[in-house]
Each structure stands twice: as structure tokens, then as C-alpha cells.
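Chemist: Sequence:
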Amino acid sequence: MARGWPAVLEDGPVRLRPLRRRDATAWLALRARNVAWLEPWDATSPVPVEGPRPTFAQFVRTLSAQARAGVSLPFAIDHEGELVGQVTVSSITYGSLRSGAIGYWISEHVAGRGIMPVAVALATDHCFTELGLHRIEVNIRPENGPSLRVVEKLGLRDEGVRERFLHIGDEWCDHRTFALTVEEVPHGLLARYRAQHPAP
1 MARGWPAVLE
11 DGPVRLRPLR
21 RRDATAWLAL
31 RARNVAWLEP
41 WDATSPVPVE
51 GPRPTFAQFV
61 RTLSAQARAG
71 VSLPFAIDHE
81 GELVGQVTVS
91 SITYGSLRSG
101 AIGYWISEHV
111 AGRGIMPVAV
121 ALATDHCFTE
131 LGLHRIEVNI
141 RPENGPSLRV
151 VEKLGLRDEG
161 VRERFLHIGD
171 EWCDHRTFAL
181 TVEEVPHGLL
191 ARYRAQHPAP
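full-length UniProt numbering applies: residue 1 is where the sequence shown begins, and numbers increase by one.
Worth flagging that the hints you see were computed from the coordinates, not collected in a lab.
Where a beta carbon is used, it is the ideal one built from N, C-alpha and C, also for glycine.
Honestly, I wouldn't trust all of these hints.
[What the hints assert, rightly or not] Restraint ranges, calculated between C-beta atoms of paired labels, are given here:
#1 Gly95 <-> Val35: 21 to 31 Å
#2 Pro52 <-> Thr181: 21 to 31 Å
#3 His197 <-> Arg22: 27 to 37 Å
#4 Gly81 <-> Val35: 20 to 30 Å
#5 Glu108 <-> Thr44: 30 to 40 Å
#6 Ser90 <-> Arg33: 22 to 32 Å
#7 Arg22 <-> Glu80: 14 to 24 Å
#8 Gly81 <-> Arg162: 35 to 45 Å
#9 Arg164 <-> Glu80: 19 to 29 Å
#10 Glu152 <-> Glu39: 17 to 27 Å
#11 Thr55 <-> Ser90: 32 to 42 Å
#12 Arg22 <-> Arg162: 15 to 25 Å
#13 Gln58 <-> Pro6: 26 to 36 Å
[As the list claims (entries may be wrong)] In silico lysine to aspartate or glutamate, DMTMM-like type, Cα no more than 25 Å apart, as pairs:
#14 Lys153 <-> Asp174
#15 Lys153 <-> Glu10
#16 Lys153 <-> Glu183
#17 Lys153 <-> Asp42
#18 Lys153 <-> Glu130
#19 Lys153 <-> Glu108
#20 Lys153 <-> Glu184
#21 Lys153 <-> Asp23
#22 Lys153 <-> Glu39
#23 Lys153 <-> Glu82
#24 Lys153 <-> Glu50
#25 Lys153 <-> Glu143
#26 Lys153 <-> Glu171
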């Protein structure tokens, strides 16, 4: 297994854990209920994909292989025991860069409750302490207000716009890049967030 995987990370009612094949029913139902909420921001392939879509089991198997290879950390997000979303650290790079990128989604029915900032902070701290990464970045469509609020609450630096950065739908879309290095949070991102946003 790669360094730092598998892992279970918790803070109060928020729990990050590896996505499992037995999550199929809950995960698929959650995505189906949230199509209108999530589809405008989901990355797509600019090259037409032929053949049947992968099954959920194949999807999990691919993510698990990437985790074992040390290039991705695909976490399911549970809130009070209910699957509510996903946060994935991808593009993990070592050498002189030691960086990763975090992407996330959450069900609309629990959005705005502070779950996602905690999830992103847990994943970031894990990357800094267990993987020894130096930098984490999050790339967000400028129009995606809910996602922008997550990085604003966490105090990530706005590094500007990357033009035509990711393919979504039928076009290449601009994204704003937010970043954080380990020196900026000597006591951890979650600790800094909690100091500024105490749990109720």
C-alpha cells in the first residue's frame, strides 16, 4: 500500500474513509438526486468515450488502484453515518514539487452546514503530515459559488485564473486556483479553521 492509505479521518460527525463497492446503492442514489446540482461542474472527456459506462464496482476498483499506486486518495464523506459526498486528492506528485490537487462534491441537502470545509481540511492535513506534501491546490469554476465559499472559509490563497483549464460539458472552462503550503498552517488547516469557525 502507498504511504497514508488506506486511512480513516474524523472530526466530530464528519468522517472520511475509502470508498467501497458496497457504497454502490447509496452513492448512485445520491448522484441521481443531485444531477442538476453537480453536473454543471463535473469534468468530462473531450474525446468521445466508446462502449458502456463503467460499473460502480469498476469505478471503485480504478480509484483503489490509483490509491495503492500513491497518486490519489479517494475518500467518501460520511456525516453522522450517512454517505453525503466525496473528496479526492489527485495528481499527487513527489520529488521537488510534493503537491496534490483536491476535488470535492457534496449532496445539496447538506450543503452549507460546514461539512465540506472540515472534509477538505482533514484531507489537507493528512497530505501534509502523513504524505509529506508541501502544497495543496483546489481548482474551481468562477461561477461555482458554493465551492468558492469552501476555500474562502478555509483561507486558501487565490492564485488567479487558469484559462480553459478543464473540459466540462462541451467546452474548455476557466478555473480559479486556490492553494496552501504547509508553512501557512504550522498547526494544521483544521485547527486554523476551528479557531475561526468554532463547532456549535
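Chemist: Looking at the structure, which of the earlier hints fail to hold?
Modeler: Result: hints 1, 2, 5, 9, 11, 12, 13, 21, 24 and 26 break, sorted rising.
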